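My numbering numbers the first residue of the sequence shown as 1 and each following residue consecutively.
These are calculated hints, taken from the structure and not from any lab test.
Since we're looking at a predicted model, the values are computed, not measured.
A virtual CB, placed ideally from N, CA and C, is assigned to each residue, including glycine.
Any given hint could be a false lead.
Between beta-carbon pairs, the in silico distance windows are [as the list claims (entries may be wrong)]:
id	residue 1	residue 2	range
1	L55	K23	11 to 21 Å
2	D61	V7	16 to 26 Å
3	D61	T6	33 to 43 Å
4	D61	E40	32 to 42 Å
5	T6	T62	24 to 34 Å
6	D61	T12	27 to 37 Å
7	R42	T62	36 to 46 Å
8	C41	T12	14 to 24 Å
9	A16	K60	32 to 42 Å
Capping the alpha-carbon separation at 20 Å, the derived lysine to aspartate or glutamate pairs in EDC-like fashion look like this [claimed, not checked]:
id	residue 1	residue 2
10	K23	E36
11	K23	D34
12	K60	E36
13	K23	E56
14	K23	E51
15	K59	E40
16	K23	D47
17	K23	E9
18	K23	D46
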Amino acid sequence: MDDFETVAETVTTEEAFTTALQKLVQAAHANGVDVEGGWECRTTTDDPDWEIMILEVTKKDTQRLDAADGVDNA
(Lines of atoms letter the chains of each structure in order from A; the text may use other names.)
(Lines give C-alpha, C1' and ligand atoms only; values in the text may rest on other atoms or scores of the structure.)
Protein backbone atom coordinates (compact mmCIF):
# COMPACT_ATOMS: atom_id res chain seq x y z
CA MET A 1 0.00 0.00 0.00
CA ASP A 2 1.43 3.39 -0.95
CA ASP A 3 1.12 6.71 0.92
CA PHE A 4 -1.80 7.83 -1.27
CA GLU A 5 -3.85 4.76 -0.41
CA THR A 6 -3.09 5.25 3.29
CA VAL A 7 -4.26 8.88 3.21
CA ALA A 8 -7.25 8.11 0.99
CA GLU A 9 -8.52 5.51 3.46
CA THR A 10 -8.59 8.10 6.26
CA VAL A 11 -10.57 10.69 4.28
CA THR A 12 -14.13 9.63 5.02
CA THR A 13 -15.59 12.99 6.14
CA GLU A 14 -15.40 16.64 5.08
CA GLU A 15 -13.43 17.37 8.26
CA ALA A 16 -10.87 14.67 7.41
CA PHE A 17 -10.67 16.00 3.83
CA THR A 18 -10.03 19.54 5.11
CA THR A 19 -7.34 18.31 7.52
CA ALA A 20 -5.59 16.23 4.84
CA LEU A 21 -5.71 19.14 2.38
CA GLN A 22 -4.34 21.59 4.97
CA LYS A 23 -1.45 19.25 5.80
CA LEU A 24 -0.65 18.70 2.12
CA VAL A 25 -0.67 22.41 1.25
CA GLN A 26 1.34 23.37 4.35
CA ALA A 27 3.97 20.70 3.70
CA ALA A 28 4.30 21.65 0.03
CA HIS A 29 4.61 25.35 0.89
CA ALA A 30 7.19 24.61 3.61
CA ASN A 31 9.22 22.68 1.02
CA GLY A 32 9.24 25.57 -1.45
CA VAL A 33 6.48 24.38 -3.77
CA ASP A 34 4.45 27.22 -5.29
CA VAL A 35 1.01 25.89 -4.39
CA GLU A 36 -1.03 28.89 -5.54
CA GLY A 37 -2.98 28.52 -8.76
CA GLY A 38 -5.10 25.98 -10.57
CA TRP A 39 -4.44 22.27 -10.41
CA GLU A 40 -6.02 19.55 -12.55
CA CYS A 41 -6.62 16.31 -10.71
CA ARG A 42 -7.13 13.60 -13.30
CA THR A 43 -8.21 10.16 -12.17
CA THR A 44 -7.34 6.83 -13.75
CA THR A 45 -10.77 5.40 -12.91
CA ASP A 46 -14.36 6.25 -13.79
CA ASP A 47 -14.38 8.74 -10.90
CA PRO A 48 -14.76 12.42 -11.90
CA ASP A 49 -11.76 14.58 -12.75
CA TRP A 50 -11.42 17.79 -10.74
CA GLU A 51 -9.94 21.25 -11.00
CA ILE A 52 -8.71 22.72 -7.73
CA MET A 53 -7.96 26.40 -7.16
CA ILE A 54 -5.59 27.40 -4.35
CA LEU A 55 -5.43 31.07 -3.41
CA GLU A 56 -3.60 32.71 -0.53
CA VAL A 57 -6.00 34.49 1.82
CA THR A 58 -5.51 36.94 4.67
CA LYS A 59 -5.28 35.27 8.06
CA LYS A 60 -8.24 35.76 10.34
CA ASP A 61 -7.69 38.18 13.22
CA THR A 62 -8.38 35.68 16.00
CA GLN A 63 -7.99 38.24 18.80
CA ARG A 64 -10.59 40.50 17.19
CA LEU A 65 -12.93 37.54 16.58
CA ASP A 66 -12.55 36.38 20.18
CA ALA A 67 -13.20 39.91 21.47
CA ALA A 68 -16.46 39.94 19.53
CA ASP A 69 -17.41 36.76 21.39
CA GLY A 70 -16.42 38.30 24.73
CA VAL A 71 -13.27 36.19 25.07
CA ASP A 72 -10.04 38.00 25.96
CA ASN A 73 -6.90 36.26 24.67
CA ALA A 74 -4.55 39.01 25.83
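A quick look at each hint next to the structure:
no. : hint                     : verdict
1   : L55 with K23: 11 to 21 Å : 18 Å, holds
2   : D61 with V7: 16 to 26 Å  : 32 Å, violated
3   : D61 with T6: 33 to 43 Å  : 36 Å, holds
4   : D61 with E40: 32 to 42 Å : 34 Å, holds
5   : T6 with T62: 24 to 34 Å  : 32 Å, holds
6   : D61 with T12: 27 to 37 Å : 33 Å, holds
7   : R42 with T62: 36 to 46 Å : 37 Å, holds
8   : C41 with T12: 14 to 24 Å : 19 Å, holds
9   : A16 with K60: 32 to 42 Å : 22 Å, violated
10  : K23 with E36             : 15 Å, holds
11  : K23 with D34             : 15 Å, holds
12  : K60 with E36             : 19 Å, holds
13  : K23 with E56             : 15 Å, holds
14  : K23 with E51             : 19 Å, holds
15  : K59 with E40             : 26 Å, violated
16  : K23 with D47             : 24 Å, violated
17  : K23 with E9              : 16 Å, holds
18  : K23 with D46             : 27 Å, violated
In terms of the numbered hints stated before, the structure departs from hints 2, 9, 15, 16 and 18, listed from lowest to highest.
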